[in-house]
Amino acid sequence: MKKTKEKIIKDNIVHENPEVALNSFLDIRNLEVIYTQGNEIVHAVNKVSLTLDKGKTLGLVGETGAGKTTIAKSIIRILPDVSSKVKSGEIWFEGENINNLTENEMYHIRGSKIAMIFQDPMTALNPLMTIGDQIKEVVMLHSELNSIEAMNRVGDMLEMVGIPRERYVEYPHQFSGGMKQRVVIAMAIACDPELILADEPTTALDVTIQAQVLDMIKDLREKLNTSMILITHDLGVVCETCDYVAVIYAGSIMEYGSKEDIFTNPLHPYTVGLFNSLPSMAIGEKRLHSIKGLPPDPTNLPKGCPFGPRCPFKTDECQNDTEVPNIEVTPNHFVRCYKEVKK
Amino acid sequence: MNNTEEKYPLLKVEHLKKYFKVPAGINHAVDDVSFTIEKGETLGVVGESGCGKSTLGRTIIRLLEATDGTVLLNNEDITHIKGNKLKKAREKMQIVFQDPYSSLNPRLRVESAIMEPIKHSGRFKGKTEIKNEATRLMSLVGIDERLRESYPHELDGGRRQRVGIARALALNPDFIVCDEPVSALDVSIQAQVLNLLMDLQDSMGMSYMFITHDLSVVRHISDHILVMYLGQAVEKSPTEELFNAPLHPYTKALLSAIPSIDIHQPMKRIELKGEITSPINPKPGCRFQARCPYATEACNAPQVLEEILPNHFVQCCRVREINKLENENE
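Residue numbers (our numbering), protein chains in the order written: chain A, 1 to 343; chain B, 1 to 330.
Simulated from the structure, these hints should not be mistaken for lab results. Just to be clear, a hint being listed does not mean it is correct.
Said to hold, decoys possible - Below 30 angstroms or equal to it, Euclidean Cα-Cα: the simulated DSSO-like pairs (lysine-lysine) are:
| hint | chain 1 | residue 1 | chain 2 | residue 2 |
| --- | --- | --- | --- | --- |
| 1 | A | Lys-292 | A | Lys-339 |
| 2 | A | Lys-292 | A | Lys-47 |
| 3 | B | Lys-92 | A | Lys-56 |
| 4 | A | Lys-286 | B | Lys-268 |
| 5 | B | Lys-92 | B | Lys-82 |
| 6 | A | Lys-54 | B | Lys-119 |
| 7 | B | Lys-268 | A | Lys-223 |
| 8 | A | Lys-342 | A | Lys-314 |
| 9 | B | Lys-119 | B | Lys-87 |
| 10 | A | Lys-292 | B | Lys-131 |
| 11 | A | Lys-303 | A | Lys-85 |
| 12 | A | Lys-218 | B | Lys-273 |
| 13 | A | Lys-218 | B | Lys-252 |
In this text the structure is predicted, and so the values were computed from the model without any measurement.
Produce the complete structure using the sequences and hints provided.
Laid out in structure tokens, this is it:
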């Protein structure tokens, strides 16, 4: 897994500003991912740049098909080989561009340094293996522990997520949805990963169970100082767990900022529209403020701003072929909109 | 709502029970639930997955046969009617399903899918009339003319759900069960569909039974709310009263679990221990007691739904005590 010096030097030449990337924990630069569907090209992720510090949580918010999961999958590199392609971009993780690693090197990072929690706990587990053995598999693969030590470690992990040790020998069907999600989380944290990619970890769960799982994730993060990217479409979940928020629309980041920035001073028309669509914001009002129209077809994105066709503030400028500028309105609060240029 | 018309109970459900036989015993999916829905009103039904919300809706409109109890629609007992009578009654009650991806026939074009129930209703004769009615319904629910010949897979979730709504409206029903109609949709699209449902209610005066697990949606659309826990109704009250002053311990915990989007006012969460217990062969007594912070010996006795405040029903033997205690603490 050690990279040769040569290779790092070679990367540095390509990189515009290598110092920043080498020092930061996670730095994604100009990531572009496409899917091919017959003759059509789906532009799933378009020039996305993100950074994340150690111990912090970033929320990726957006609608279905906005490219949230694709970003996570390209970090851990589990996109389907045949139909998808990382067209360009660099993913710097702890000072190395993991986009250049071989599949074999990546194999050792997955699960041990970067782990993923999938959305649907019902399908993420193997129905024919006991949950203990499934977690043990991960531990054995990424550590030097022998079988008995690994079993002990699994027991500790289960207890950490609130499942009694004795349930090691049970099968997934013997657990409820919330408990299965805990098993999936136990598996993700089994090797003390530095980065957890959580893809809608509570979407399949009921509110009361969701509250338990979110509290547990928060506790674990404090105990282990793990960084996390939390993918969700639920702004309430983001508000309760994240430090930073990136709002994604049609594969581009429209707004990025700290939780306080986004929740108290949303600036992009899409972010504002998203908040106004929430029923809880409209207490006492009869109608909800929906965003007119539909998300664009990713095989045929509009010129200029992807949100342009639905935007109540659009001008001719927004439909130009040029890229919309990403404005830093206050330190570390970025908005991709012409509206902010004029201010 | 149409205020000029006089209100009368459109739907009356009395002691409705639906049990399923399963290998482990008898699943009490809906256990002795009673309520009424007025004309032009929306009743929101909330609860966790597996608490019997959907079973309740399906039993009422006779997609499932009730084990016991009665359902009165327009003062007519429809619990055991058969044949033509049932067909007539079905025209008055429709359902919009949760998943617009699987509830439409993938081989029927949008127009044909909407024309199907119109043909069955027999209210329109002749191809042109049926076609015209389909066009009217399409514009009513906001489906573009150009999508007439599209197949469901060519539509997005929001539009598919509109097709589902148009199909339910085709028979001109009095009562529609909306079974999680927006939970498969994104927030921005969800708002569009909720607005549509409310507009249709305003113009046509239907009643809805709105089943959902999303409490903010239910608060927005409902006049009354019924909270279910393991097959039983634990609380029923007017919407704002329920959100401002919930009385049942389960309702309190449920409301406190909604993630808040106000960063200055994070929710004070009431933590529940454990998970929803099994509805198979439940013991008599309160079904929530295993997770309830206030459970005592008295909770082992069978509980009744009592009118604690005007129009506010709660099924909890300690409700007065608990809420009085909490008032003192405040």
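Check your understanding: Taking 30 angstroms as the top limit, are the C-alpha atoms of A/Lys-292 and B/Lys-131 close enough?
Key -> 28 angstroms, holds
**Study point:** Agreement of A/Lys-218 and B/Lys-273 with the hint, judged by alpha carbon distance not exceeding 30 angstroms
**Key:** OK: A/Lys-218 and B/Lys-273 at ~18 angstroms, within 30 angstroms.
Review point. When you check the alpha-carbon spacing of A/Lys-303 and A/Lys-85, does it fall within 30 angstroms?
Key: 22 angstroms, holds
Check your understanding: Is the hinted pair B/Lys-92 and B/Lys-82 satisfied, with a Cα-Cα distance of at most 30 angstroms?
Key -> 15 angstroms, holds
Practice item. Quickly compare the C-alpha distance for B/Lys-268 and A/Lys-223 to 30 angstroms and report which way the hint goes. Key: With a Cα-Cα distance of about 22 angstroms, the restraint between B/Lys-268 and A/Lys-223 holds, given a limit of 30 angstroms.
Exercise for review: Given the hint that A/Lys-286 pairs with B/Lys-268, test it: the Cα-Cα distance must not exceed 30 angstroms.
Suggested key: Distance of about 28 angstroms is within 30 angstroms: holds.
Exercise for review: For the pair we were handed, B/Lys-119 and B/Lys-87, check the Cα-Cα distance against 30 angstroms.
Suggested key: 14 angstroms, holds
Check your understanding: Given the hint that A/Lys-342 pairs with A/Lys-314, does the C-alpha gap stay at or below 30 angstroms?
Key -> Roughly 13 angstroms between the alpha carbons, so the hint for A/Lys-342 and A/Lys-314 holds.
**Study point:** 30 angstroms Cα cutoff - pair A/Lys-54, B/Lys-119
**Key:** Roughly 63 angstroms between the alpha carbons, so the hint for A/Lys-54 and B/Lys-119 is violated.
**Study point:** Pairwise hint evaluation, A/Lys-56 against B/Lys-92, where the allowed Cα distance is 30 angstroms at most
**Key:** It is violated: about 55 angstroms lies between the C-alpha atoms, which goes past 30 angstroms.
Review point. When you check the alpha-carbon spacing of A/Lys-292 and A/Lys-47, does it fall within 30 angstroms?
Key: Status holds; Cα separation ~26 angstroms.
**Study point:** 30 angstroms limit on alpha-carbon distance, applied to hinted pair A/Lys-218 and B/Lys-252
**Key:** 23 angstroms, holds
Checked against the numbered hints above, the structure violates hints 3, 6; every other hint is satisfied.
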